[in-house]
Amino acid sequence: MKAIKQISFILFAMLTLGSCEDIIKVDVTQSQVKLVIDAFVNNLDTVQKIRLTKSINYFDSSNTEPPVTDATVIIADSATLKVFPFVYTTNGNYEWKPNKNTGDTFTVGHTYALLVITKEDTLLSFSHMNPTITMFDSLRTVPTEGNGPPQIRPGKFVELFAKDLTGPGNYYWIKTFRNDSFYNEVQKLNISQDMGNGSPQQDGGLFIYPKRFSGINKFQRPYFDGDKVRVEVHSINQLCYFWFSLVVNENRNSGLFATPPVNIPNYCFYSVSFTNPSNPFSFKIKDPKNPPPIGGFFCVSEVRTAEIGIKM
Amino acid sequence: MLRRAVLILIFFTIFFQVQAQKYTLSGFVKDSANGETINNAFISIKNNKTTAVSNNYGFFSFTIEKGKYEISIAAGGFNQSDLTIELDKNKQITIVLLPESETIQEVNIRAKKNDNVKKIDISTQTISGKTIKKIPAFLGEADVIKSVQLLPGVTTVGEGASGFNVRGGAIDQNLVLMDEAPVFNSAHLFGFFSIFNPDAVKDVQLIKGGIPANYGGRLSSVLEVLTRDGNKKQFQANGGVGTIFSRLTLEGPIVKNKASFMVSGRRSYVDILAKPLLNEGLKDSRFYFYDLTTKLNYNYNAMNTFFVSSYIGDDIFYAANAFGVKWGNTTLTARWNHIFNKKLFSNFTYYYSRYRYNLEFGSNDASFNWYSYIINNSVKGDLKYYLSPKVEIGTGVQSTYYNFIPGNATSITNGESRSFSLPDKYGMENAAYVTSDINSTGKFSVRAGLRLSQFLYLGKGNYYTFKDPLVGQRKIVTSTSVAENNEVIANYFNWEPRLGFKYAVNKSASIKGGYNRMVQNLHLISNTAASVPFDVWTPSTNNIKPEIADQLTIGYFKNFSGKNNDYEASVETYYKALQNQIDYIDGANLLLNRYLEGELFSGKGRSYGLELYLKKNTGKLTGWISYTLSRSERQVTGISNGNWYPNRFDRLNNLYIVAQYKHSDKWEFAANFVFSSGTPTTFYSGQYNVQGYTIPDAGNNTRNNVRNPNYHRLDLSATYNVKKTKNWESSWVFSVYNAYNRRNPFSIYFSTNYGNLGQNKAIQFSVIGGFIPAIAYNFKWR
Numbered sequence: 407m408k409a410i411k412q413i414s415f416i417l418f419a420m421l422t423l424g425s426c427e428d429i430i431k432v433d434v435t436q437s438q439v440k441l442v443i444d445a446f447v448n449n450l451d452t453v454q455k456i457r458l459t460k461s462i463n464y465f466d467s468s469n470t471e472p473p474v475t476d477a478t479v480i481i482a483d484s485a486t487l488k489v490f491p492f493v494y495t496t497n498g499n500y501e502w503k504p505n506k507n508t509g510d511t512f513t514v515g516h517t518y519a520l521l522v523i524t525k526e527d528t529l530l531s532f533s534h535m536n537p538t539i540t541m542f543d544s545l546r547t548v549p550t551e552g553n554g555p556p557q558i559r560p561g562k563f564v565e566l567f568a569k570d571l572t573g574p575g576n577y578y579w580i581k582t583f584r585n586d587s588f589y590n591e592v593q594k595l596n597i598s599q600d601m602g603n604g605s606p607q608q609d610g611g612l613f614i615y616p617k618r619f620s621g622i623n624k625f626q627r628p629y630f631d632g633d634k635v636r637v638e639v640h641s642i643n644q645l646c647y648f649w650f651s652l653v654v655n656e657n658r659n660s661g662l663f664a665t666p667p668v669n670i671p672n673y674c675f676y677s678v679s680f681t682n683p684s685n686p687f688s689f690k691i692k693d694p695k696n697p698p699p700i701g702g703f704f705c706v707s708e709v710r711t712a713e714i715g716i717k718m
Numbered sequence: 107m108l109r110r111a112v113l114i115l116i117f118f119t120i121f122f123q124v125q126a127q128k129y130t131l132s133g134f135v136k137d138s139a140n141g142e143t144i145n146n147a148f149i150s151i152k153n154n155k156t157t158a159v160s161n162n163y164g165f166f167s168f169t170i171e172k173g174k175y176e177i178s179i180a181a182g183g184f185n186q187s188d189l190t191i192e193l194d195k196n197k198q199i200t201i202v203l204l205p206e207s208e209t210i211q212e213v214n215i216r217a218k219k220n221d222n223v224k225k226i227d228i229s230t231q232t233i234s235g236k237t238i239k240k241i242p243a244f245l246g247e248a249d250v251i252k253s254v255q256l257l258p259g260v261t262t263v264g265e266g267a268s269g270f271n272v273r274g275g276a277i278d279q280n281l282v283l284m285d286e287a288p289v290f291n292s293a294h295l296f297g298f299f300s301i302f303n304p305d306a307v308k309d310v311q312l313i314k315g316g317i318p319a320n321y322g323g324r325l326s327s328v329l330e331v332l333t334r335d336g337n338k339k340q341f342q343a344n345g346g347v348g349t350i351f352s353r354l355t356l357e358g359p360i361v362k363n364k365a366s367f368m369v370s371g372r373r374s375y376v377d378i379l380a381k382p383l384l385n386e387g388l389k390d391s392r393f394y395f396y397d398l399t400t401k402l403n404y405n406y407n408a409m410n411t412f413f414v415s416s417y418i419g420d421d422i423f424y425a426a427n428a429f430g431v432k433w434g435n436t437t438l439t440a441r442w443n444h445i446f447n448k449k450l451f452s453n454f455t456y457y458y459s460r461y462r463y464n465l466e467f468g469s470n471d472a473s474f475n476w477y478s479y480i481i482n483n484s485v486k487g488d489l490k491y492y493l494s495p496k497v498e499i500g501t502g503v504q505s506t507y508y509n510f511i512p513g514n515a516t517s518i519t520n521g522e523s524r525s526f527s528l529p530d531k532y533g534m535e536n537a538a539y540v541t542s543d544i545n546s547t548g549k550f551s552v553r554a555g556l557r558l559s560q561f562l563y564l565g566k567g568n569y570y571t572f573k574d575p576l577v578g579q580r581k582i583v584t585s586t587s588v589a590e591n592n593e594v595i596a597n598y599f600n601w602e603p604r605l606g607f608k609y610a611v612n613k614s615a616s617i618k619g620g621y622n623r624m625v626q627n628l629h630l631i632s633n634t635a636a637s638v639p640f641d642v643w644t645p646s647t648n649n650i651k652p653e654i655a656d657q658l659t660i661g662y663f664k665n666f667s668g669k670n671n672d673y674e675a676s677v678e679t680y681y682k683a684l685q686n687q688i689d690y691i692d693g694a695n696l697l698l699n700r701y702l703e704g705e706l707f708s709g710k711g712r713s714y715g716l717e718l719y720l721k722k723n724t725g726k727l728t729g730w731i732s733y734t735l736s737r738s739e740r741q742v743t744g745i746s747n748g749n750w751y752p753n754r755f756d757r758l759n760n761l762y763i764v765a766q767y768k769h770s771d772k773w774e775f776a777a778n779f780v781f782s783s784g785t786p787t788t789f790y791s792g793q794y795n796v797q798g799y800t801i802p803d804a805g806n807n808t809r810n811n812v813r814n815p816n817y818h819r820l821d822l823s824a825t826y827n828v829k830k831t832k833n834w835e836s837s838w839v840f841s842v843y844n845a846y847n848r849r850n851p852f853s854i855y856f857s858t859n860y861g862n863l864g865q866n867k868a869i870q871f872s873v874i875g876g877f878i879p880a881i882a883y884n885f886k887w888r
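As given, the protein sequences belong to chains A and B, one line each in that order. To convert, count from 1 in the first sequence and add 406; that's the working numbering. To convert, count from 1 in the second sequence and add 106; that's the working numbering.
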């Protein structure tokens with residue numbers, strides 16, 4: 407529904423031809439340096455990465471977040487008690503390669519624990535791995551004419567025809583890659599509760615219009631002959647969905663209809679102490695009502711992929 | 107306690123009745139030129155120093171001892187009239203006043219002299235339609251709300267923001283009445299223009315404090331917009347061609363001196379002018395706004411007058427194959443003034459008021475459509491009993507039925523339609539009041555009143571109970587119940603005491619004070635810096651408690667002169683405490699959310715301030731200076747660590763200067779200057795990257811910890827009056843808005859570069875980037 411605020415803003419901007427925006431210099435002091443844990447892993451057979459960094463000043467243009475290099479990073483499967491150690495490589499990344507032959511892989515239905523031990527703190531987080539949708543011949547193209555604003559160079563838009571899993575409470579993160587490059591615009595961050603907004607009527611059917619279309623295409627740059635479009639549907643959980651919603655909200659939060667800026671809360675990392683150091687499931691949360699100020703999220707996803715080549 | 111208060115009230119009322127032989131002088135005050143009734147006229151009896159004020163329908167009544175009296179009648183914009191009356195029986199008269207002569211000599215008008223000092227009303231300002239038209243305005247369009255925004259105690263979030271804030275209250279805390287019917291969104295084009303057509307407006311009254319008991323339902327103010335009746339004597343047409351709007355008003359008698367009509371319309375025409383310039387794909391686009399105000403009145407006889415007035419207006423923006431939005435108000439008011447006897451005036455009103463918006467986007471085979479309404483139907487009756495010149499008693503009842511359609515949404519994909527609408531909500535508001543003005547002949551006058559208000563949150567529908575969550579988190583639904591048709595889900599009773607007093611220091615100075623408790627059961631759900639037309643109104647429910655405000659205000663009023671008491675001055679101070687103010691959890695989802703109540707929490711508010719006002723009424727140069735020093739704050743558990751923080755419309759210093767200079771019959775000039783301290787805002791201080799997305803971070807900042815830069819602006823206008831002929835009057839208005847070309851920041855916002863960490867920007871957004879000249883042509887034909 408942020409679309410409505412956006413429309414309001416576009417309208418407003420359109421109507422106030424006299425309005426203007428000036429880039430100004432503002433001094434802010436970073437009031438708090440946060441540890442950031444970027445821990446989105448999945449069941450794909452590729453190297454899995456978890457990245458640990460520190461937050462930087464809002465206007466720091468050095469484009470480098472200080473990496474955290476000396477942490478211990480482990481994921482453990484609560485069903486099998488198998489432990490997957492992540493090893494530091496470079497630039498804050500900790501990596502682990504799954505191995506299907508030895509069963510060292512993420513399994514739908516299992517709950518995973520992520521343990522991060524830094525000099526300052528011991529942090530624990532859990533993620534239940536939910537199932538994702540089935541993809542089969544799910545991507546179709548439509549011409550740009552009649553499906554959006556007029557284009558200088560007509561091309562194609564891609565639509566995702568896939569069905570939400572039956573039953574309420576399925577959450578997805580739909581990622582789009584154009585020629586293997588990820589659309590990382592927050593405006594296009596495409597998350598779905600069931601097939602749309604999660605109301606009781608919206609369950610078990612095809613993804614609704616904005617979900618199937620808006621996050622996959624850019625009106626200002628449609629797909630052309632020879633482009634390769636890949637869409638991945640990651641299963642996420644409810645908290646992760648809320649977390650992403652806040653990320654979208656904060657990044658769009660500007661201008662006349664802005665809401666007060668807020669921190670994206672730490673929904674999943676707890677500061678803990680262990681009663682038995684060798685067992686990551688024998689822990690005590692230090693202060694359950696007051697989670698530590700950590701940025702990022704831990705989510706284990708099942709991923710299904712569909713790909714289409716554009717022919718004009 | 108309450109019963110005692112009522113008893114005291116009755117006691118006083120009886121006490122002040124005097125036993126001598128008495129007769130009543132009553133009647134109406136009217137404009138000689140067009141037969142329009144004149145409200146707020148002062149009818150003073152010279153030999154016994156009593157004064158009456160005509161009400162909104164021009165009616166007044168006195169009951170005084172038998173005798174011969176000299177009476178003088180004065181009203182703003184009219185020449186004073188003096189009469190001698192032999193009161194030897196009850197008399198009903200019609201007093202006709204001549205409009206103030208258009209020529210500028212040192213006119214001997216005592217118009218409105220001392221009324222700010224004499225009247226018991228505190229924190230009340232009236233602006234006439236004529237004055238509104240003289241204030242330089244954005245794109246040359248005279249505007250009611252923009253004029254109100256120049257009064258002390260009134261602020262706005264920024265240029266183009268809809269609504270206005272009174273004494274630190276939110277925009278939904280103003281009761282905006284148009285011919286008694288409430289208007290839910292007073293803005294065209296977000297807030298650049300208001301929906302009231304100045305050609306149709308007689309006058310506008312803003313009450314900020316000491317609010318009398320006959321008003322209720324909002325916390326901060328009452329803005330009463332009265333429309334004109336229409337010329338009862340001859341047909342006339344007024345109109346104008348402006349930069350944005352064209353206006354036309356037709357009015358005239360239906361039955362001479364008995365019945366008249368007025369039809370007044372405006373339409374913007376940017377779309378018509380732009381049409382040839384649009385490319386093929388946008389040819390079907392529509393963007394315009396219009397409003398139509400109509401009124402009929404019928405003076406059946408001396409005892410009965412009927413009025414029907416209506417308003418229809420919409421803003422329509424539609425871009426082919428992309429999106430369409432539409433919003434607007436509709437009101438209909440039917441009124442019957444009945445004079446039971448010379449002392450008892452009554453008015454019965456029925457009104458219907460609706461605000462709705464509609465929004466759609468998408469293309470041919472995939473679309474999303476949504477609409478939302480708030481509809482209310484109300485009946486009310488008000489009686490005013492003019493017991494004696496010293497005592498007036500008012501009483502009344504009102505009942506309003508509300509229907510809320512919070513969101514009716516449908517999405518269509520490949521012909522497959524899905525609805526995810528929210529169920530309707532229903533409510534009923536009942537109120538009864540009694541109020542009494544006691545004007546002793548001595549120095550002291552009192553107004554005491556009591557309003558009892560009731561709000562019923564009604565079925566049918568689902569209602570929810572929530573579990574209180576962790577601090578600042580979304581509440582969780584614990585149970586859902588089903589209510590039948592008209593079943594009462596929640597019932598709130600509130601006593602609202604009102605009190606006002608006036609102490610006359612001398613002829614030209616008085617001290618006045620007021621206390622009011624106000625209760626509000628309709629809430630505009632909006633957490634954005636400026637309200638959008640798509641914000642949703644919601645009633646008090648089992649989870650949303652009525653908002654309550656207690657305000658104490660006191661002021662010193664003084665007139666001084668020149669020869670003719672040209673200046674009105676006042677100093678007022680107020681303190682307002684607010685309960686059950688609505689605030690929102692972080693990242694609240696306010697639209698199409700059936701569990702909306704779980705996203706809200708409530709807190710306390712307080713605002714306080716000092717208002718200085720100096721007005722010059724007569725001479726070549728007229729106008730006012732108003733200065734307000736104010737604070738508006740909130741305290742909500744879960745925000746800013748539970749500390750008091752400034753409201754988003756908190757502005758410390760506000761200086762407004764409004765001046766009009768009549769140079770000659772041909773040329774008139776006007777200027778206004780506005781200065782306001784910057785609104786508070788919150789800044790991000792950090793950033794980090796997750797999954798390729800840059801995430802801004804506010805660290806441990808508190809809410810509204812930084813200030814936007816100050817706002818100031820000068821507007822100028824010059825009016826050239828073309829030589830009049832018998833039937834035709836016209837004028838050209840040349841105006842410049844933002845004359846010294848300042849880029850006033852509406853806000854500073856931070857633009858986070860989502861893809862690349864470290865390329866964020868702070869952007870100062872100015873709604874008006876330069877000075878804006880405009881020309882308008884106005885005419886009057888009769």
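One should not assume that every hint holds.
Calculated cross-link-like contacts (lysine-lysine; reagent style DSS-like; alpha-carbon spacing at most 30 Å) [as the list claims (entries may be wrong)]:
#1 B:K581 / A:K692
#2 A:K624 / B:K432
#3 B:K362 / A:K690
#4 B:K362 / B:K197
#5 A:K431 / B:K867
#6 A:K624 / B:K867
#7 A:K460 / B:K867
Footprint (simulated), chain B over chain A, 3 or more residues, beta carbon under 8 Å [unchecked claim]:
#8 528-541
#9 634-642
Ranges between beta-carbon positions, derived for each pair [unchecked claim]:
#10 A:I429 / B:W834: 48 to 54 Å
#11 A:P549 / B:G748: 53 to 59 Å
#12 B:S857 / A:D510: 52 to 58 Å
#13 A:R627 / B:Y375: 40 to 46 Å
#14 B:G748 / A:T478: 35 to 41 Å
Just so you know, these hints were derived from the structure itself, not from any lab. Glycine is no exception: its CB is placed at the ideal position from the N, C-alpha and C atoms.
Here is how each hint holds up against the structure:
At most 30 Å may separate the alpha-carbon atoms for a hinted pair to count; B:K581 and A:K692 meet this at roughly 24 Å. About 26 Å separates the Cα atoms of A:K624 and B:K432, which keeps this hinted pair within 30 Å; it holds. Taking the CA atoms of B:K362 and A:K690, the gap is about 89 Å. The hint is violated against a cut of 30 Å. Distance hint between B:K362 and B:K197 is fulfilled; the C-alpha atoms sit about 24 Å from each other, no more than 30 Å.
Restraint check: the Cα-Cα separation between A:K431 and B:K867 comes to about 8 Å, which is no more than 30 Å; the hinted pair holds. Annotation: proposed proximity of A:K624 to B:K867 holds, straight-line Cα distance about 23 Å (limit 30 Å). Distance hint between A:K460 and B:K867 is fulfilled; the C-alpha atoms sit about 20 Å from each other, no more than 30 Å. With a cut-off of 8 Å between beta carbons, the segment 528-541 of chain A has 0 residues touching chain B; three or more are needed, and the interface restraint is violated.
Closer than 8 Å: that is the beta-carbon criterion, and the segment 634-642 of chain A has 0 residues meeting it against chain B, so the requirement of 3 is violated. As the Cβ distance of A:I429 to B:W834 is approximately 53 Å, the hint placing it in 48 to 54 Å holds. Separation of A:P549 from B:G748 is about 56 Å and conforms to the stated range, judged on CB atoms against 53 to 59 Å. In this structure the supplied range 52 to 58 Å is violated for B:S857 paired with A:D510, their Cβ-Cβ distance being about 43 Å.
Distance hint check for A:R627 and B:Y375: the Cβ-Cβ separation is about 35 Å, which falls outside the suggested range of 40 to 46 Å. Our hint of 35 to 41 Å for B:G748 and A:T478 holds, since their Cβ atoms are close to 37 Å apart.
Hint violations for this structure: numbers 3, 8, 9, 12, 13, all remaining hints satisfied.
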